[in-house]
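Asker: Numbered per UniProt numbering, the sequence shown spans residues 1 to 257.
Just so you know, the hints here were simulated from the structure itself, not pulled from any lab data.
All C-beta atoms in this analysis are idealised placements derived from N, C-alpha and C, irrespective of residue type, glycine included.
Please note that a few of the clues may not be correct.
Now the in silico label distances, taken between C-beta atoms and shown as ranges [said to hold, decoys possible]:
#, residue 1, residue 2, range
1, Arg103, Leu142, 32 to 38 Å
2, Arg9, Ala128, 28 to 34 Å
3, Val241, Arg103, 18 to 24 Å
4, Val132, Arg249, 23 to 29 Å
5, Glu12, Val174, 30 to 36 Å
6, Ile113, Ser34, 24 to 30 Å
7, Leu142, Ile113, 17 to 23 Å
8, Ala237, Gly57, 40 to 46 Å
9, Leu178, Ala234, 25 to 31 Å
10, Thr5, Gly51, 53 to 59 Å
11, Leu8, Leu256, 17 to 23 Å
12, Arg103, His45, 16 to 22 Å
13, Thr100, His194, 38 to 44 Å
14, Asp48, Leu142, 33 to 39 Å
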Amino acid sequence: MAAGTRTLRLVEHHLLTQRRRWKSVALTAVGPVSFLIAVGVGLGHVIDRHGAMAGSGTYLQYLAPGLLAATAMQTAANQNAYPVAGAARIGSTFDLMLMTPLRVWNICIGQLIWTALNLLVVLVPMWACTVVLGAMTGVRSLLALAAALMCGLAFGPAVAALCAWLRGYAGIPVLLNLIITPLYFLGGVFFPLHRLPPGLQAAAQLTPLHHGVELTRELAAGPLQVTDAGLHTAVLAAYLVAGTWLAHRAFERRLLR
């Protein structure tokens, strides 16, 4: 069996196990879309009325690209937290898969592909909503969607590596509540990063979310700076490659004993 075919077997497994839960999976897109409308349109109307975004378009146009990237981060983190921690335990899903022709690398890449599919389920409705509301338009909106997808993939493998490395589930709430959630609010999604204290600014600029937000926002509507866009893309790609390597090592450590 070819390596690519083996990898797709894991994706097929996920699709088969989720086919009876397609309604709940589809509903995962409702929350982000509702939040975008409530904050971008509702709160945004108040912000625009007071002229806080003077010369920078509407608050919805500022918020939508960043929220797209931040939602990708949250979705990827949730998809690779408890599910991977459970599947990577001895005698569980991934362990049993290694009794077939699948190898650890197939599991690692298959999980990455599955994360990408889940990201699209959530991001495409959000993207469509931003287009309908006029926050993003044209081909650049598709580029912004691709940037948000890349932002999510920069987080997914790293979270999978950590959750495969953990012995139990106790550390996962710490990861989601004390790392992912603060990043969501301090990554430059809702307000410019320069409003933060210098220490928090420096810390935020090291994260994939900052680069994902900046890249998505620049591709969506901002003045396109090729150098900046290339830098943000390179950083996200580096996180993706490093995270995938770490996930592979973590899966090996947990499963190959």
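Asker: Confirm or reject each hint.
Answerer: Comparing the hints with the structure gives:
1. Roughly 35 Å separates the CB atoms of Arg103 and Leu142, a value that falls within the hinted 32 to 38 Å.
2. At roughly 31 Å, the beta carbons of Arg9 and Ala128 sit within the given window of 28 to 34 Å.
3. The given range of 18 to 24 Å is respected by Val241 and Arg103, whose C-beta atoms sit roughly 19 Å from each other.
4. In this structure, Val132 and Arg249 break the distance hint of 23 to 29 Å, their C-beta atoms being roughly 43 Å apart.
5. Taking 30 to 36 Å as the suggested C-beta distance range, the pair Glu12 and Val174 conforms, at roughly 33 Å.
6. For Ile113 and Ser34, the Cβ-Cβ distance of about 28 Å falls inside the hinted range of 24 to 30 Å, so the restraint holds.
7. Between Leu142 and Ile113 the CB atoms are about 20 Å apart, so this pair conforms to the stated range of 17 to 23 Å.
8. Between Ala237 and Gly57 the CB atoms are about 29 Å apart, so this pair departs from the stated range of 40 to 46 Å.
9. A hinted range of 25 to 31 Å for the beta carbons of Leu178 and Ala234 is consistent with their spacing of about 28 Å.
10. The supplied range of 53 to 59 Å is met by Thr5 and Gly51, whose beta-carbon atoms lie about 58 Å from each other.
11. Separated by about 22 Å at the C-beta atoms, Leu8 and Leu256 satisfy the suggested range of 17 to 23 Å.
12. Separated by about 54 Å at the C-beta atoms, Arg103 and His45 break the suggested range of 16 to 22 Å.
13. Look at Thr100 against His194: about 52 Å separates their beta carbons, and that is not inside 38 to 44 Å.
14. At roughly 26 Å, the beta carbons of Asp48 and Leu142 sit outside the given window of 33 to 39 Å.
In this structure, the hints that do not hold are numbers 4, 8, 12, 13, 14, in rising order.
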